[in-house]
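**Q** Full structure from sequences and hints, please.
Going letter by letter, the sequence shown gives residues 5 to 78 in my numbering.
Since the hints were made in silico from the structure, they are not lab data. Do not rely on the hints blindly, as some may be mistaken.
What the hints assert, rightly or not - 20 Å max Cα-Cα, derived SDA-like pairs, lysine to any residue:
#1 LYS54 with GLN29
#2 LYS54 with ILE23
#3 LYS54 with VAL26
#4 LYS54 with LEU27
#5 LYS54 with LEU28
#6 LYS54 with LEU75
Stated by the list, open to error - Using C-beta positions, here's what the derived DEER-type ranges look like:
#7 ILE13 with ARG50: 19 to 29 Å
#8 LEU28 with ILE68: 28 to 38 Å
#9 ARG50 with VAL24: 17 to 27 Å
This one's a predicted model, so the numbers in the text were calculated from it and none came from an experiment. Even glycine gets a Cβ: it sits at the ideal position worked out from N, Cα and C.
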Amino acid sequence: MQLLDYFNIAQIVLAAAVIVAVLLQVTGGGLGGIFGQADTVFRTRRGVEKTLFQLTIVLVALFIIISMVALRIG
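**A** See below:
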């Protein structure tokens, strides 16, 4: 296996992890924003929700970095 193959596998794993992390997050928006309804309740993330949010950011950043490196190599 070449180095590019490892980057491709890492991209697939990270993409799946990002999808799972996004789906696990609690959403409060719904479809109200589409029809012009404004959500006036603001809340801060705490505990597991905050950790999952930060993990999602890290996973997306890693995905972008690995994608750019794979593009440079390939």
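**Q** Indicate, hint by hint, whether the structure satisfies it.
**A** Outcome of the hint check:
Distance restraint check for LYS54 and GLN29: the Cα-Cα separation of roughly 9 Å lies within the 20 Å cut-off, and the hinted pair is therefore satisfied. For the hint pairing LYS54 with ILE23, the CA-to-CA distance comes to about 17 Å; that is within 20 Å, so the pair holds. Annotation: proposed proximity of LYS54 to VAL26 holds, straight-line Cα distance about 12 Å (limit 20 Å). Note on LYS54 and LEU27: the hinted pairing holds, with a Cα-Cα distance of about 14 Å set against a maximum of 20 Å.
For a cut-off of 20 Å, the pair hint linking LYS54 to LEU28 stands: about 12 Å separates their Cα positions. With a C-alpha separation of about 32 Å, the suggested pairing of LYS54 with LEU75 is violated against the 20 Å cut-off. Checked against the hint of 19 to 29 Å, the pair ILE13 and ARG50 fails, with Cβ atoms roughly 35 Å apart. The beta-carbon spacing between LEU28 and ILE68, approximately 20 Å, falls outside the hinted interval of 28 to 38 Å.
The hinted window of 17 to 27 Å between ARG50 and VAL24 holds, with their beta carbons roughly 21 Å apart.
When each numbered hint is compared with the structure, violations occur for hints 6, 7, 8.
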